Amino acid sequence: MRIHTRVYSTSNTDLMALKEENEVLNEIKKEDQYTNHHDFKTEEQSFSCSQTETTSIQERAQKSENISYFNCQDCGKSFTHKGSINRHMKIHTGEKPYSCPQCGKDFHQHGGLKVHMSIHTGERPFTCQQCGKRFKRIVNLDYHMRVHAGKSPFTCHQCGKNFCRKGTLDYHMRVHTERPYTCPHCTKSFSQKGKFEYHIRNHTREKPYICPQCGNGFIQKGHVIDHIRIHTGEKPFTCQQCGNSFRQKGCLNRHMKTHIGEK
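Once you know that position 66 of the sequence shown is 66 in full-length UniProt numbering, the rest is easy, because the numbers rise by one and skip nothing.
Don't read these hints as lab results, they were simulated from the structure. Since we're looking at a predicted model, the values are computed, not measured. Among the hints, erroneous ones may be present.
[What the hints assert, rightly or not] Distance condition first, Cα-Cα at most 25 Å in a straight line; then the derived SDA-like pairs of lysine to any residue:
| no. | residue 1 | residue 2 |
| --- | --- | --- |
| 1 | LYS166 | PRO184 |
| 2 | LYS82 | HIS92 |
| 3 | LYS136 | HIS92 |
| 4 | LYS133 | CYS251 |
| 5 | LYS207 | CYS100 |
| 6 | LYS96 | GLY132 |
| 7 | LYS161 | PRO180 |
| 8 | LYS188 | ARG165 |
| 9 | LYS195 | THR168 |
| 10 | LYS207 | PRO125 |
| 11 | LYS221 | ARG165 |
| 12 | LYS133 | ILE210 |
| 13 | LYS96 | LYS207 |
| 14 | LYS249 | HIS148 |
| 15 | LYS161 | HIS185 |
| 16 | LYS161 | GLY132 |
| 17 | LYS96 | ASP74 |
| 18 | LYS221 | GLU234 |
Using the sequences plus the hints, can you model the full thing?
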């Protein structure tokens, strides 16, 4: 008997877009868990009820038998809803109907735009329940939780620093081995893309980070986050000795010097 198989061909651009699509969908799923106060799950651990687990598996298996799947003719990916495959097809057609009102960057999916917008607003809605640190993306909180769990298995052999992700270690290794980003204005080179982009803005004076309250623009993301606290009155940095609070960590550090010599 001859078995027929279909070979799907995708360009490098499509592969990158497919990867981005999977990341966005996974992030939206985790955000729903966080927002609805469900058990928060990381890639390392999850929590489930032993009494209902068997029943849930049986129910899912029964439901899966009755599901109709919509298959993408370009890459073979399957979807359970027609609306999902319609959104997915924009990757192959190149359509990007969702535009950022701040910088004009376009996206295939609304979820991608939603994740991107936090760059401009400085919003950090996801809070670590153990230390209070806040994050703009749920995946960053996910990785941060591994620090509390003591799960940082990737170690830099040059300096001994530990990382939760191999990708982060690879990114860090450039500090020791290479500086691939070179400024076309002054030929200064950088090991990290973020520092390179920030440096370029010193030449171009581009200010992509906009305050949603007053419209002021800033070169660096951290600057707009500090600025927004002027409007909100937030002072997250607190002196452990006297209780005074400050908008910026630098202000707290300067204040701490006043306690030097105090008993």
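Right, here's what the structure says about each hint:
A threshold of 25 Å between alpha carbons decides the hint, and for LYS166 with PRO184 the separation of about 30 Å lies outside it, so the pair is violated. Distance hint between LYS82 and HIS92 is fulfilled; the C-alpha atoms sit about 16 Å from each other, no more than 25 Å. Between LYS136 and HIS92, the direct Cα distance comes to roughly 29 Å. Violation of the 25 Å bound is thereby established for this hinted pair. Between LYS133 and CYS251, the direct Cα distance comes to roughly 18 Å. Compliance with the 25 Å bound is thereby established for this hinted pair.
Annotation: proposed proximity of LYS207 to CYS100 holds, straight-line Cα distance about 15 Å (limit 25 Å). For the hint pairing LYS96 with GLY132, the CA-to-CA distance comes to about 36 Å; that exceeds 25 Å, so the pair is violated. Using a Cα cut-off of 25 Å, the hinted pair LYS161 and PRO180 holds, with the two alpha carbons roughly 22 Å apart. Between LYS188 and ARG165, the direct Cα distance comes to roughly 29 Å. Violation of the 25 Å bound is thereby established for this hinted pair.
Straight-line distance between C-alpha atoms of LYS195 and THR168 comes to about 15 Å, which keeps the hinted pair within the 25 Å bound. Taking the CA atoms of LYS207 and PRO125, the gap is near 23 Å; set against the 25 Å cutoff, the hint holds. Between the alpha carbons of LYS221 and ARG165 the distance comes to roughly 23 Å, so the proposed pair stays at or under 25 Å and holds. A threshold of 25 Å between alpha carbons decides the hint, and for LYS133 with ILE210 the separation of about 23 Å falls inside it, so the pair holds.
Pair hint LYS96 plus LYS207 holds up; C-alpha atoms about 24 Å apart against a cutoff of 25 Å. Using a Cα cut-off of 25 Å, the hinted pair LYS249 and HIS148 holds, with the two alpha carbons roughly 22 Å apart. Restraint check for LYS161 and HIS185: not satisfied, since their Cα atoms lie roughly 33 Å apart, outside the 25 Å limit. Of the supplied pair hints, the one linking LYS161 and GLY132 holds, its CA atoms being roughly 23 Å apart against a limit of 25 Å.
Between the alpha carbons of LYS96 and ASP74 the distance comes to roughly 18 Å, so the proposed pair stays at or under 25 Å and holds. Note on LYS221 and GLU234: the hinted pairing holds, with a Cα-Cα distance of about 17 Å set against a maximum of 25 Å.
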